[in-house]
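J.: Here is how the chains run, residue by residue.
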Amino acid sequence: MEERKQDRVAGIIGLGGSGGTALITAAMRALDIGVPKLMVSTMASGNTAPYVDCHDIIMMYSVVDVAGLNAVSRKLLANAAHAMAGMAIHQPPVTKSRPALGMTMFGVTTPCVTRVRTQLESLGFDSLVFHATGTGGRAMENLVQSGFIKGVLDITTTEVADEVVGGIFPAGAARFDSTIRSGVPAIYSVGAVDMVNFGARATVPACFADRNLYAHNAQITLMRTTPEENRQIARWITGKLNQSQSPVTMMIPERGVSALDAPGQPFYDPAANAALFEELRSSLHQTQNRKLIFAPYHINDPEFADLLVSEFRKLQALSLK
Amino acid sequence: MTRYVYAVATMDTKGEELLYLADCLRTARAVVRTVDVSASAQGAATLGDVTREQLLVHDQAVLKADRGTAVTAMGQA
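Those sequence lines, one after another, are chains A and B.
Counting with our numbering, you get residues 1 to 321 for the letters of the first sequence.
Counting with our numbering, you get residues 322 to 398 for the letters of the second sequence.
Hints listed in this document are in silico derivations from the structure and should not be mistaken for laboratory results.
Take the hints with a grain of salt, since some may be wrong.
As the list claims (entries may be wrong) - Estimated spans, in silico, between C-beta atoms of each pair: (1) THR114(A) to MET322(B): 39 to 47 Å; (2) THR348(B) to ASP65(A): 46 to 54 Å; (3) ALA218(A) to VAL352(B): 28 to 36 Å; (4) VAL352(B) to ALA174(A): 47 to 55 Å; (5) ASN242(A) to THR367(B): 51 to 59 Å.
To be verified - Coverage of chain A stretches by chain B, computed from C-beta distances (three or more under 8 Å per stretch; other residues unrestricted): (6) 7 to 16; (7) 59 to 71; (8) 75 to 85.
Cβ coordinates follow ideal geometry from the N, Cα and C atoms, glycine included.
The whole structure should be built from the sequences, with the hints applied where relevant.
T.: Okay, structure coming up:
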């Protein structure tokens, strides 16, 4: 019922210190993406992740404390009011809307997802690509839940690796739930589950010191997942997929799951992948509406991207019946 | 159907600033409802268009606002 009432909300603007910001941004996060949200806050110049998370919240630093009207606060509050009024009063230009699809990407699966995206765009879809950093995947799930996204190609499910092993881009326990519950056509793959993400090398937990670590850049260190971790990842995924009530397909690139998981590359590990594939086979309850398809390609081979698109189109056709 | 901009603050301490903000919004032709989310037992429970009293009526766990108590109140109001 709350959601229907959201039609009456032209926007929400808040003023607060630390308590007020936490409280008011929580209310903002309960509203759909697209509803104008602006928070004037003494906390806006700092770590705003707890307030913003994966939502379109504009944080405006108040400069002075919100304690009295003075030359600074009058001007800034007026600016905030005018920004909100502009958003609330003006509507975006009317364009013919194309159905929106969500897909997940990492640097190491970019060739695949880019090919998928451009093909779907030429078929008339709006393709929203989400960077699989934890917040990206959750942002996608939020948009599925609010009905904005009509189909999902969750190709780069690396956030599950971080969730299961303890990396910095975890999926969150509720990941996959909105998509599965919504019944939208959904294809899943195992893009970049060969890696768990950490920050700079010095921040990698000591228990992982002897692992296969790779410096993606000075701020991000990657860790190759083990066969046992891959089994856990598989079980996490199938635990979610086994709840599906509408057609979903899992499509697996047998020759490798990321650009680093290829012959001669740092994360090449057929044994780890074999454990992943075997656990998927044994733990996914396959039905006519819950399929597991193995393809003899690397994830970044054009043939694999083409298969993802054609399978998605099949699921989409089913969902229109 | 009228659509409102909700202007939200703990009005016991930030009421003056919020009312000023709301005035600026109205001058810019937005339709505004002020919402008071203050917790203190002191101070009037009748500040704002959506008052602390109304929020408390709608949700006893008012300031645990995980699921947006203010949104609930907006929905009801």
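J.: Hint by hint, which ones does this structure get wrong, listed from lowest number up?
T.: Per hint list: 2, 3 and 4 violated.
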